[in-house]
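Residue numbers (this note's numbering), protein chains in the order written: chain A, 55 to 517; chain B, 55 to 517.
In short, the hints are calculated from the structure, not lab data.
No incorrect hints appear here.
The list cannot tell twin chains apart, which means a pair is met if one copy fits it or any two copies do.
Calculated lysine-lysine pairs in the BS3-like style (CA-CA distance at most 30 Å, straight line):
| # | residue 1 | residue 2 |
| --- | --- | --- |
| 1 | Lys272 | Lys207 |
| 2 | Lys465 | Lys266 |
| 3 | Lys512 | Lys227 |
| 4 | Lys466 | Lys102 |
| 5 | Lys62 | Lys512 |
| 6 | Lys498 | Lys235 |
| 7 | Lys147 | Lys112 |
| 8 | Lys89 | Lys313 |
| 9 | Lys272 | Lys297 |
| 10 | Lys266 | Lys150 |
| 11 | Lys266 | Lys207 |
| 12 | Lys235 | Lys466 |
| 13 | Lys297 | Lys207 |
| 14 | Lys235 | Lys266 |
| 15 | Lys412 | Lys89 |
Remember, predicted model here, so these are calculated numbers, not experimental data.
Number of protein chains: 2
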Amino acid sequence: MINQLIEKLTQQGFDDNQFKTNAEDLEFFGKDHTKHFEPNPNIILFPKSTEQVQTIIKTCNELNLVITPSGGRTGLSAGAVASNGEVVVSLDKMNKILNFYPDDRMVEVEAGVITKNLQNFAEEQGLYYPVDFASAGSSQIGGNIGTNAGGIKVIRYGMTRNWVLGLTVVTGKGDILELNKGMIKNATGYDFRHLFIGAEGTLGIVTKAQIKLERQPKNLTVMVLGVDEFANIMKILANFQSKLDLTAFEFFDKVAMNKLLATGHVQRPFESDCPFYALLEFEAPYEPIMDEAMAVFEYCMEQGLLVDGVMSQSIAQAQELWKLREYISETISVFTPYKNDISVLISHVPDFINDIDKIVNDNYPDFEVCWFGHIGDGNLHLNILKPENLTKDEFFDKCKVVNKYVFETVKKYNGSISAEHGVGMTKKPYLNYTRPDDEIAYMKQLKAVFDPNGIMNKGKIFD
Amino acid sequence: MINQLIEKLTQQGFDDNQFKTNAEDLEFFGKDHTKHFEPNPNIILFPKSTEQVQTIIKTCNELNLVITPSGGRTGLSAGAVASNGEVVVSLDKMNKILNFYPDDRMVEVEAGVITKNLQNFAEEQGLYYPVDFASAGSSQIGGNIGTNAGGIKVIRYGMTRNWVLGLTVVTGKGDILELNKGMIKNATGYDFRHLFIGAEGTLGIVTKAQIKLERQPKNLTVMVLGVDEFANIMKILANFQSKLDLTAFEFFDKVAMNKLLATGHVQRPFESDCPFYALLEFEAPYEPIMDEAMAVFEYCMEQGLLVDGVMSQSIAQAQELWKLREYISETISVFTPYKNDISVLISHVPDFINDIDKIVNDNYPDFEVCWFGHIGDGNLHLNILKPENLTKDEFFDKCKVVNKYVFETVKKYNGSISAEHGVGMTKKPYLNYTRPDDEIAYMKQLKAVFDPNGIMNKGKIFD
Numbered sequence: 055m056i057n058q059l060i061e062k063l064t065q066q067g068f069d070d071n072q073f074k075t076n077a078e079d080l081e082f083f084g085k086d087h088t089k090h091f092e093p094n095p096n097i098i099l100f101p102k103s104t105e106q107v108q109t110i111i112k113t114c115n116e117l118n119l120v121i122t123p124s125g126g127r128t129g130l131s132a133g134a135v136a137s138n139g140e141v142v143v144s145l146d147k148m149n150k151i152l153n154f155y156p157d158d159r160m161v162e163v164e165a166g167v168i169t170k171n172l173q174n175f176a177e178e179q180g181l182y183y184p185v186d187f188a189s190a191g192s193s194q195i196g197g198n199i200g201t202n203a204g205g206i207k208v209i210r211y212g213m214t215r216n217w218v219l220g221l222t223v224v225t226g227k228g229d230i231l232e233l234n235k236g237m238i239k240n241a242t243g244y245d246f247r248h249l250f251i252g253a254e255g256t257l258g259i260v261t262k263a264q265i266k267l268e269r270q271p272k273n274l275t276v277m278v279l280g281v282d283e284f285a286n287i288m289k290i291l292a293n294f295q296s297k298l299d300l301t302a303f304e305f306f307d308k309v310a311m312n313k314l315l316a317t318g319h320v321q322r323p324f325e326s327d328c329p330f331y332a333l334l335e336f337e338a339p340y341e342p343i344m345d346e347a348m349a350v351f352e353y354c355m356e357q358g359l360l361v362d363g364v365m366s367q368s369i370a371q372a373q374e375l376w377k378l379r380e381y382i383s384e385t386i387s388v389f390t391p392y393k394n395d396i397s398v399l400i401s402h403v404p405d406f407i408n409d410i411d412k413i414v415n416d417n418y419p420d421f422e423v424c425w426f427g428h429i430g431d432g433n434l435h436l437n438i439l440k441p442e443n444l445t446k447d448e449f450f451d452k453c454k455v456v457n458k459y460v461f462e463t464v465k466k467y468n469g470s471i472s473a474e475h476g477v478g479m480t481k482k483p484y485l486n487y488t489r490p491d492d493e494i495a496y497m498k499q500l501k502a503v504f505d506p507n508g509i510m511n512k513g514k515i516f517d
Numbered sequence: 055m056i057n058q059l060i061e062k063l064t065q066q067g068f069d070d071n072q073f074k075t076n077a078e079d080l081e082f083f084g085k086d087h088t089k090h091f092e093p094n095p096n097i098i099l100f101p102k103s104t105e106q107v108q109t110i111i112k113t114c115n116e117l118n119l120v121i122t123p124s125g126g127r128t129g130l131s132a133g134a135v136a137s138n139g140e141v142v143v144s145l146d147k148m149n150k151i152l153n154f155y156p157d158d159r160m161v162e163v164e165a166g167v168i169t170k171n172l173q174n175f176a177e178e179q180g181l182y183y184p185v186d187f188a189s190a191g192s193s194q195i196g197g198n199i200g201t202n203a204g205g206i207k208v209i210r211y212g213m214t215r216n217w218v219l220g221l222t223v224v225t226g227k228g229d230i231l232e233l234n235k236g237m238i239k240n241a242t243g244y245d246f247r248h249l250f251i252g253a254e255g256t257l258g259i260v261t262k263a264q265i266k267l268e269r270q271p272k273n274l275t276v277m278v279l280g281v282d283e284f285a286n287i288m289k290i291l292a293n294f295q296s297k298l299d300l301t302a303f304e305f306f307d308k309v310a311m312n313k314l315l316a317t318g319h320v321q322r323p324f325e326s327d328c329p330f331y332a333l334l335e336f337e338a339p340y341e342p343i344m345d346e347a348m349a350v351f352e353y354c355m356e357q358g359l360l361v362d363g364v365m366s367q368s369i370a371q372a373q374e375l376w377k378l379r380e381y382i383s384e385t386i387s388v389f390t391p392y393k394n395d396i397s398v399l400i401s402h403v404p405d406f407i408n409d410i411d412k413i414v415n416d417n418y419p420d421f422e423v424c425w426f427g428h429i430g431d432g433n434l435h436l437n438i439l440k441p442e443n444l445t446k447d448e449f450f451d452k453c454k455v456v457n458k459y460v461f462e463t464v465k466k467y468n469g470s471i472s473a474e475h476g477v478g479m480t481k482k483p484y485l486n487y488t489r490p491d492d493e494i495a496y497m498k499q500l501k502a503v504f505d506p507n508g509i510m511n512k513g514k515i516f517d
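So here's chain A without its partners, still in its complex pose:
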């Protein structure tokens, strides 16, 4: 069947270097940042245009072959893993920045453009692309759109969704749709653009996007604060937010801080050793804003909400402080963490964290737990670290038992089992803790409209 595919595509103008079938490439392009599933695709294809993507999709429909769309494969839910003989369609050769519209502050890009390259392009134009996260150096725009990527600036700038003014997609049926064409205002029927954003490639393949850019932030200033008890973090957030426009409000716990300090790559921000830390950021182009920030800091200190703190006095110092948050993921990766990416309303965060802490302590008093996350958006990363005396499999098996309790608690608080990592395959068994059965039934019917043969990223989100 794969030979037939190669033959048909060759007849339609594909050349040899648009196919890869050797074992090494199949392994490399068949997996993402997860380690739960063995990669096992049949072939990797490298289209160079929207029309070639269309040709691939139409041909795969004819031959009844399943497609896995493939971007930077930095996902954490196995949404881009091909483990079942799939045709992987890599967007690597569609990596051009196409057109820039200065008056619209908009840029049109191919889906394979790396996030960091888009950020750099914006900067060269004196503008800013505000969606940012740890894997920005290798993730691709198409993948960001597929999972509606979030990251560290959501509190001010929102998710990827907010920055997509237009999309070119090829549906699972093989139609090319140009959705919304870059307009700010367009009230002409259903906005399919927002359906494809976050669909994890199950409805079709995004080939181009029109992305809105923003003015550059001015004099970004960072504070790191040490806190005695978790509930105070939320009070600190409310106090700062009432006076300043925050561009970030992150938190992490003592476990994260101690692991970070042990690497020697970061410095202790202040003397006090605290159970919790908050990192916040704001623009301070005018002197009175800095004064306001200091006033809130002092008020929080007087109220006993915080123990210690530091404010950046230069861009270099701000960057240094950011490392405390940015290096966490990499630092804890050596402990084979079992990751959960969950969200609830900000109002529910303190009770929710108490409940989860209790569950983990009751069931696994010997497990070390590391909390961090985008607390200003209600988004928490719960990381359970592997004890040395357990194998990876033993550990993951035990974690899966905790999972049930964690997700029941998410459900109790009307939260999300996947805030920004998507569903893919790893969250699929738990989807109905957040989306009830009738919503999942509607999802399946909707998929059938755009992908009647069910070939697009089969086995992801739902079965």
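Could you slot chain B onto chain A? The hints should help.
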């Protein structure tokens, strides 16, 4: 059939004052702000809860009755007009503000809450609901969501879509869905919330919404500028936007200004009589921002981009200047304007306006044309005023001929035939100037998923 409906609903707990069938009410609740279609519904229903909306939809499915959802009926595309024996479902009795979550800056409201009441509620909490437009005093949140309402602050705050964190809907099939539940981050499959936003009630009825609020703007300052030629307006926009965060950038022409002045309700902002005017607004909580604004103003003056201008020195003066823009719609309504609400990329606006001006002048040199709009979003309101010597019908017939040329020009520039007014019935014949046939075909299939019997707002958007 209507008697059967009343009987069945009464059996299920509806009381007498939840039905209206007298001619006056049928007329009143059967129409919106358009005048193209005669209202002719069969009954008006007033549910008091999401469950009662569900009961209505299920019963109408059984009896094969068509439903027209009804909010404040301030629409300009006949999306809420019931002209064919429909069951009108008014949300008037579902007008409660339910829950406020201060830490999330979020409020949960019923769909029948009037926009202005939501704005006032936000203000009482020291917060701000930024979606604002001329009909905010009578439009309802549910209707705003149905058309993804825009208005005068979109350049800074975006459309209604940006402020909807969660929706409760009853689908055309009769299922109650609670979509996204107020979360900022939730990556668990297709986001149906965004499908119902802008669907004009054709997929189901929105009964509740979780709405994000924003901090209040600080020291809003308004400038009105007089300009010699249209292209300069776009250059002025670019200059101001490169230095300031604009909260509004509106424009209007000499025809609008002269009609306004003739009413005696506004004052001339400055001596110079100009062909075009821009109104811009920004927050100026700090002195250097005001200095920056003055510097841009002077630069534009030096460059010959503007002829005259004025900047507000107080809130009262800012409000006075806003009247120049806000009173236009009402002022020209006596001339029975033929309204077009179109949008293109900002980059294309100058060429687009030239093309349209030529079309109107070539075809109808005796027609007076009034331009105004949200130019900072690429959204233009083209109003053709009725000459006294033509009847309404003669005039509208002639306008429909121009329509074709206008919409062909919209298509040439990849624009939208309805930027913020929706499609309803008045734009339905022109939908495929913006949405190609295959997109419309997908829309129909998608509607069939949520509304298999096609009873929800039948005849709106598409047939």
